Each structure stands twice: as C-alpha cells, then as structure tokens.
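Peer 1: Numbering (our numbering), first residue to last: 56 to 329.
These are calculated hints, taken from the structure and not from any lab test.
Please note: incorrect hints may appear among the correct ones.
[To be verified] Computed beta-carbon distance windows for the label pairs:
1. ARG143 to THR207: 18 to 26 angstroms
2. CYS229 to HIS316: 21 to 29 angstroms
3. VAL327 to GLY124: 40 to 48 angstroms
4. ASP304 to GLN328: 31 to 39 angstroms
Note that this is a predicted model, so its numbers are computed, not measured.
Yeah, the Cβ is synthetic: ideal placement off N, Cα and C, and Gly gets one too.
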Amino acid sequence: MAYGDGCSLPLPLPDGSLFLGFDCSTQSLKATVLDASLAIVAHDAVHFDSELPHYGTEGGVRRDAAEPGRIVSPPLMWAEALDLLLRRLKPRVDYGRVAAVSGSAQQHGSVYWGRGAGAALASLDPAWGLAPQLAGAFAAPESPVWMDSSTTAQCREVEAALGGALALARMTGCRAHERCTGPQIRKMFQMRRGIYDGTERISLVSSFMASLLIGGYACIDQTDGAGMNLMDIETRQLRQDALEATAPDLDVKIGKLAPAHAIAGTLAPYFVQR
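Generate the whole structure from the sequences, applying the supplied hints.
Peer 2: Quick look at the structure:
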C-alpha cells in the first residue's frame, strides 16, 4: 500500500481505458472521468453544506466561536462525500474500465488518525459505507484547514528554533504562516496533547483521500509536503531539525514523503467489491 518505485502505469493500456480524477476543495468534492483522448465522460460534485448538512459546515468549514481564528473541517465528511460521489457516478461510468485514479486537495489541512486506524482502513467491509466504519478512526474529529489563523504563537516558536523567518524560508520554502501544517501540528501537541499522543498517523487532505482509496496510509507527496514548514526544498525530504522544533516523534507520525507522480498503490478491495 506504500508508494512503489514505479512512477507510471504499465503500457499499453487496454482499449477504452478511463481515468478518474478527484478534487477535494474546501466547499465540495468533485470528480471528472476522462477517456484516453481527454474527452469528459462524466462529471459530478458533492457540495458539503447542502448535501451533507448533518456536519454543520458553512462554506465547508466550522468556525470555532470559542477560539478566534480556529477553522476546521470534519474528515469524516470528506469520506462520506467520496462514497456518495462514487455511488452517483456509478450509473454513468463503467468502473471496470478505469485504469488510473488521481486527485488533488486543499493544501495544508491535517488529519489525525487514531490508533488502529490503519487496520480499519485495511479491513473495510464493502457492505457498509465509509462513514459508519471510520467514525471512530480519528484521534481528532476535526481537521485544521488552510483558513485557520490561530497558530501565530506556534509560528514564531518554530521560526525562533530554526534561526528566524528568513532561515526557515531558505530551508523549507517559506516562513511560518498560520495555515502551514507544521505550526498546526505544534499547536495540536501543545493544546491537545491527548489527541497528539493518540495519533497513529498524520495525513494531509490529499494523502487522506489517497489513503481511503488504497485502504492504507498513503505517503504525503512532496508538492503538498512543501507547505508544511517541515520539508527541505533542496532534498525534498523531511528535515529532522524542523520536525524536532515542531513536536516529538513527528517523523513516525508523518512517515515518508514521495514524489507527486509516484503510484500510491492499488485500489482497495472495498471499492472493487462495492
């Protein structure tokens, strides 16, 4: 289920192959199916506020009235949206012809998987939807997203630990901004230590969606990983000093980074059988 050495699909592809792409943005989850000539075969979207109102989002997010600047989204909502979107496309798309699946997602957002979540991903029952099976899979039921601006103190702490804003920018590509994942993780460690300690894996939104699709933890890709204040922009690998300035044992919780064009894995049996 991890990224492999191969970065391309085996060729030639079967005649009539289709290609499925997702975009998990702030307000909706969209899917487009293309054929080999790049013609659109099908397109659909799930709008979080109107179609999944039980999550109580406005513009796809929740604003914490008790903590100014804290803006989050429930990762379970994204999982339920994936199920709904695939069911909606099924009458129009022969999934047996889909040769590859890819996607993108809002940058910076962090998902905190609880202990045992990896096993839960690997044993999903196709008779049931994702949401009821993953309801207990998260150490944090809400994910800080790119709109969050509550981490100013953590930004300054990370910059100070690594030689200042300019030094951090030279190392990781930018100074510490409130939306960046590293300061968000540091705040989780400082303010919600029980959640951090109970976290088995931290995903970005993009690797979270990929994890659902492959039935295991997908690596964070280097393009999204560049927005964490944790990756060395020269080597494209996590910096140990940045990890240590953020939170303990973070290398274990994040895992390895992978090229954006690498293949994450094969589609989980859950989706094949469902």
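Peer 1: Is the distance from the Cβ of ARG143 to the Cβ of THR207 consistent with 18 to 26 angstroms?
Peer 2: This hint is violated: roughly 41 angstroms between Cβ atoms.
Peer 1: Lying within 40 to 48 angstroms: is that true of the beta-carbon distance VAL327 to GLY124?
Peer 2: 42 angstroms, holds
Peer 1: Assuming the hint says 21 to 29 angstroms, is it satisfied by the Cβ distance from CYS229 to HIS316 or not?
Peer 2: 23 angstroms, holds
Peer 1: Does 31 to 39 angstroms hold as the CB distance between ASP304 and GLN328, or does it fail?
Peer 2: At roughly 36 angstroms between Cβ atoms, GLN328 and ASP304 fall inside 31 to 39 angstroms, so the hint holds.
The structure fails to meet hint 1 from the earlier list, while all remaining hints are met.
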